Amino acid sequence: MVTDSEHLREARLVFYQEDVDRINAVLNDFLKLSDSKCNILIDKEGHMVTKAGTTGDINLQSVAALVAGSYAATREMARLLGEEEFSVLFHQGKKDSIQLTLVGDRTLLATVFDERTTIGMVRLYAKEASDKLAKIFKDILSRPPRPNSGLGDDFSKSAKGALDFFFVDE
Amino acid sequence: MVQINFSLREVNCKIVYYGPGLSGKTTNLEIIHAKAPKGSTGDLTSIATEGDRTLFFDFLPLDLGQVAGMKTRFQIYTVPGQVYYNSTRKLVLQGSDGIVFVADSKRGKMPENLESLENLLENLKEYGLDLNQVSLVLQYNKRDLPDVYTIDEMNAALNKWGVPHCEAVARDGHGVFPTLKKLAGMVLESLNRQHTGAPAAATPVKAREQKVPVQVGAVGAAGAQAASPRATQTIRVGAGAQGARPQAGRGVAASAAPAISVKPMPINSARGTHAAAMGGPVPQPQRARKGRGILVGLILLAVAGAGAYLWFSGLLKDLL
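Read top to bottom, the protein sequences are chains V and L.
Under the numbering used here, the first residue of the first sequence is numbered 112, with each subsequent residue one higher.
Under the numbering used here, the first residue of the second sequence is numbered 82, with each subsequent residue one higher.
Careful, some of the hints might be misleading.
[Claimed, not checked] Under 8 Å between C-beta atoms, here's a sample of chain V residues computed to sit facing chain L:
id: 1; residue: Val125
id: 2; residue: Tyr127
id: 3; residue: Val131
id: 4; residue: Cys149
id: 5; residue: Gly157
id: 6; residue: Ala176
id: 7; residue: Gly180
id: 8; residue: Thr185
id: 9; residue: Glu187
id: 10; residue: Phe248
id: 11; residue: Ser269
[To be verified] Below 25 Å or equal to it, Euclidean Cα-Cα: the simulated SDA-like pairs (lysine to any residue) are:
id: 12; chain 1: L; residue 1: Lys152; chain 2: V; residue 2: Arg133
id: 13; chain 1: V; residue 1: Lys205; chain 2: V; residue 2: Thr228
id: 14; chain 1: L; residue 1: Lys171; chain 2: V; residue 2: Ser181
id: 15; chain 1: L; residue 1: Lys119; chain 2: V; residue 2: Phe276
id: 16; chain 1: L; residue 1: Lys171; chain 2: V; residue 2: Gly204
id: 17; chain 1: V; residue 1: Lys243; chain 2: V; residue 2: Ile230
[Unchecked claim] Here are some, though not all, of the chain L residues that point toward chain V, as calculated from beta-carbon distances under 7 Å:
id: 18; residue: Gln84
id: 19; residue: Lys95
id: 20; residue: Leu172
id: 21; residue: Lys262
id: 22; residue: Gly374
Since the hints were made in silico from the structure, they are not lab data.
Treat the numbers as computed from the prediction; the structure is a model and nothing was measured.
C-beta: ideal position from N, C-alpha, C; glycine also.
Just chain V, with the same shape it has in the complex (with noise of 0.2 Å):
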């Protein structure tokens, strides 16, 4: 029986430097191959895992939480048409365009690029990068968990520390 606790252990996603590190080769890959201005990794809960090219002055953390909403609403759209989920969404704009590319089952793959490239040649290889960050994912879902995730002992010292310094009372 799946205990709560082992529940929440395997419902949370733990980067280690040598995941992003993997992630990060095929990000830069890609945006090479397609000739993208950036691509971000982010996961269903609007959290980013890691970007690869020119983010400028982009909101990143905004951008993440509105491509998960985006890609949650037009789940459900998929799933009222009878399909389980759209894979690939596309938002195109006047100069620059996003294409959301669903990775594996936790994560998602947004890819910003411009008029140097073509979306075809995003299509093309988003999907041979999707595949590979898939295999990526699945490891790491499938390696044995390390009995301490490297959370410092202290940590719940130091965050009762942090929200009393945040949060001064009223």
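With chain V fixed as given, assemble chain L onto it according to the hints.
Positioned in the frame of chain V, the structure of chain L alone reads:
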């Protein structure tokens, strides 16, 4: 769910403000955005209708700073409160680590609060979650209004689990930070528990076994009529304001109210059902019943033995 990224040295948590329409969820976020230390919050993003009602969600990233060497961030969302938008509300709730339920304290609003709370539990259940896995804090908002439920009444109606609650006047900023601080602490404590194997600081939320279900004071008759059609039990409470206590310093005056009726959530309707729904311990009366059965059996045996003895001694007497 929490994302821990050792490459970026970040911990990301998701907090959702839930509650009925116009209870003050977006106002909470606006106050956090306005009053949080400079540089700790990003832009407040709202996907709202022309009339400023939340259509999909409001979003505010909040950077708590370094916690044990990890940059700790909260992504704070609100949901649209109107009943009509349940599908979008459910989407926003996905993957949340902590929930602030913003309840409207104004008299007559209890049915809406109850309906929204029930909807929250239903939506969590659809994601396979319950309150043992997601932290919950109740915020009793609009405490400055002249005709509000007492805190006891709010707790009796909404807080079956004994989770922390905060009083607030979100419009003026009162109670907004304490609510968020409480929930943020619970979320980080839960994270610590899961990842460092630290012992639980507090017992996880378990449903309280209640012999007598909710006691709700003084809900307006109109509100009672609007109660959830799924409600199963009617409770009548007389003179709800008798036990009311004025909220010192808040300028709240509790007024006498007539006897009323309110239809509470069905989860309160049957003893044990609620506990089962929340993953809590289900009462098991079988053992007590078995013990009683043995006792009755022994008594019957003793009576039969005594009767047999008397009859036998009487028979012997006759013979002799």
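Checked hints:
no.: 1; hint: Val125; verdict: holds (5 Å)
no.: 2; hint: Tyr127; verdict: holds (5 Å)
no.: 3; hint: Val131; verdict: holds (3 Å)
no.: 4; hint: Cys149; verdict: violated (16 Å)
no.: 5; hint: Gly157; verdict: holds (6 Å)
no.: 6; hint: Ala176; verdict: holds (5 Å)
no.: 7; hint: Gly180; verdict: holds (6 Å)
no.: 8; hint: Thr185; verdict: violated (10 Å)
no.: 9; hint: Glu187; verdict: holds (6 Å)
no.: 10; hint: Phe248; verdict: violated (13 Å)
no.: 11; hint: Ser269; verdict: holds (4 Å)
no.: 12; hint: L:Lys152 to V:Arg133; verdict: holds (22 Å)
no.: 13; hint: V:Lys205 to V:Thr228; verdict: holds (14 Å)
no.: 14; hint: L:Lys171 to V:Ser181; verdict: holds (13 Å)
no.: 15; hint: L:Lys119 to V:Phe276; verdict: holds (14 Å)
no.: 16; hint: L:Lys171 to V:Gly204; verdict: violated (29 Å)
no.: 17; hint: V:Lys243 to V:Ile230; verdict: holds (20 Å)
no.: 18; hint: Gln84; verdict: holds (4 Å)
no.: 19; hint: Lys95; verdict: holds (5 Å)
no.: 20; hint: Leu172; verdict: holds (4 Å)
no.: 21; hint: Lys262; verdict: holds (4 Å)
no.: 22; hint: Gly374; verdict: violated (32 Å)
This entry does not satisfy hints 4, 8, 10, 16 and 22, going by the numbered hints stated previously.
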